[in-house]
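*Asks:* Each chain is listed here by its residues.
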Amino acid sequence: MRAHLALFASGLLFAAGLGASGMTDADKVIGFLNAASGAWDPSLAFVMVGAIAVHLVLFRLISRRAKPLFATTFQIPSRKELSPRLIGGAALFGAGWGLGGYCPGPALVSTTILGTEALVFTGSMIGGMLIFAAVTSTLAPTENP
Amino acid sequence: MLIDLPSILMAIAGGVMIGLAASAMLFFVGRIAGISGIVGGLLRPEPDDSSWRLAFLGGLFVGGLLLAATLPEAIGSPSGRSLPALGLAGLLVGFGVRMASGCTSGHGVCGLSRLSVRSLVATLTFMAVGFATATSIELLAGGTL
Chain A
113 MRAHLALFAS GLLFAAGLGA SGMTDADKVI GFLNAASGAW DPSLAFVMVG
163 AIAVHLVLFR LISRRAKPLF ATTFQIPSRK ELSPRLIGGA ALFGAGWGLG
213 GYCPGPALVS TTILGTEALV FTGSMIGGML IFAAVTSTLA PTENP
Chain B
9 MLIDLPSILM AIAGGVMIGL AASAMLFFVG RIAGISGIVG GLLRPEPDDS
59 SWRLAFLGGL FVGGLLLAAT LPEAIGSPSG RSLPALGLAG LLVGFGVRMA
109 SGCTSGHGVC GLSRLSVRSL VATLTFMAVG FATATSIELL AGGTL
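Sequence lines, in order, name chains A and B. Counting with our numbering, you get residues 113 to 257 for the letters of the first sequence. Counting with our numbering, you get residues 9 to 153 for the letters of the second sequence.
None of these hints come from the bench; they were simulated from the model. Be aware that one or more of the hints could be misleading.
Pairwise CB distance ranges (calculated) [unchecked claim]: (1) ARG114/A / LEU50/B: 18 to 24 Å; (2) PRO196/A / LEU10/B: 16 to 22 Å; (3) PRO154/A / LEU147/B: 17 to 23 Å; (4) ALA157/A / LEU123/B: 16 to 22 Å.
Idealized CB from N, CA, C, for every residue including glycine.
All chains should be built: construct the whole structure from the sequences, respecting the hints.
*Replies:* Structure (structure tokens):
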């Protein structure tokens with residue numbers, strides 16, 4: 113129960129961060145990815161700067177602990193291979209991101225205003241995930257980056 | 009280029025919140041805050057593996073509702089993309105992030121913070137293709153599609 117409350121609070125903070133940062137504004141995201149607009153707004157690059165500055169330090173401190181507070185082990189991805197699957201998937205994701213202006217977190221958060229754009233995008237995104245699960249159901253689980 | 013200082017400060021502040029949320033996930037339950045992996049795992053459920061995902065996504069969704077109530081302008085300014093374009097974009101994003109085992113959060117924030125080479129390659133790829141896509145749409149179609 114405490115673990116679930118902590119997870120809920122983490123999700124709440126994550127959504128607030130996405131909203132504050134501008135990542136839930138698809139028009140702003142498209143403006144960031146559009147280098148030919150004549151008024152390129154690079155501010156969204158600083159979302160990653162802020163997030164990594166914090167997590168780079170805290171990741172090191174937290175992963176030194178013996179275990180998480182409410183779980184028995186840390187589940188941190190350890191794969192190293194640079195596969196065609198990694199690069200091909202990232203390329204497809206990038207194409208969809210530049211076309212639609214949403215990545216997965218902001219898409220989910222944006223559905224709360226029940227706007228047609230975010231609902232169409234998010235519904236299709238879940239469809240795309242299901243298609244991937246269907247075509248690769250014989251492969252290993254694809255949980256970790 | 010447009011240098012908008014308030015926008016940059018909000019991006020950093022939002023990024024810091026995202027970094028703290030990812031750190032909280034790790035500290036409390038030892039998990040990576042990768043949105044596509046958390047959602048994708050629900051679509052191929054394994055025993056005792058869904059409730060932690062739903063707790064986080066519940067927080068993300070309630071966070072979105074609070075955002076919609078308090079800062080509605082953060083979500084949903086029209087992007088100029090048509091619904092068919094958004095549908096295609098959603099399919100590409102959903103399929104691509106599962107194929108690449110991560111998205112902006114899992115690879116871009118968590119992976120880069122761990123100095124993962126896999127995540128660096130994925131992030132450079134989706135950023136480059138995202139820029140290429142949005143910029144091409146601007147140059148070839150005047151920013152509407």
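*Asks:* Confirm or reject each hint.
*Replies:* Here is what the structure says about each hint:
no.	hint	in the structure
1	ARG114/A / LEU50/B: 18 to 24 Å	holds, 22 Å
2	PRO196/A / LEU10/B: 16 to 22 Å	violated, 37 Å
3	PRO154/A / LEU147/B: 17 to 23 Å	holds, 19 Å
4	ALA157/A / LEU123/B: 16 to 22 Å	holds, 19 Å
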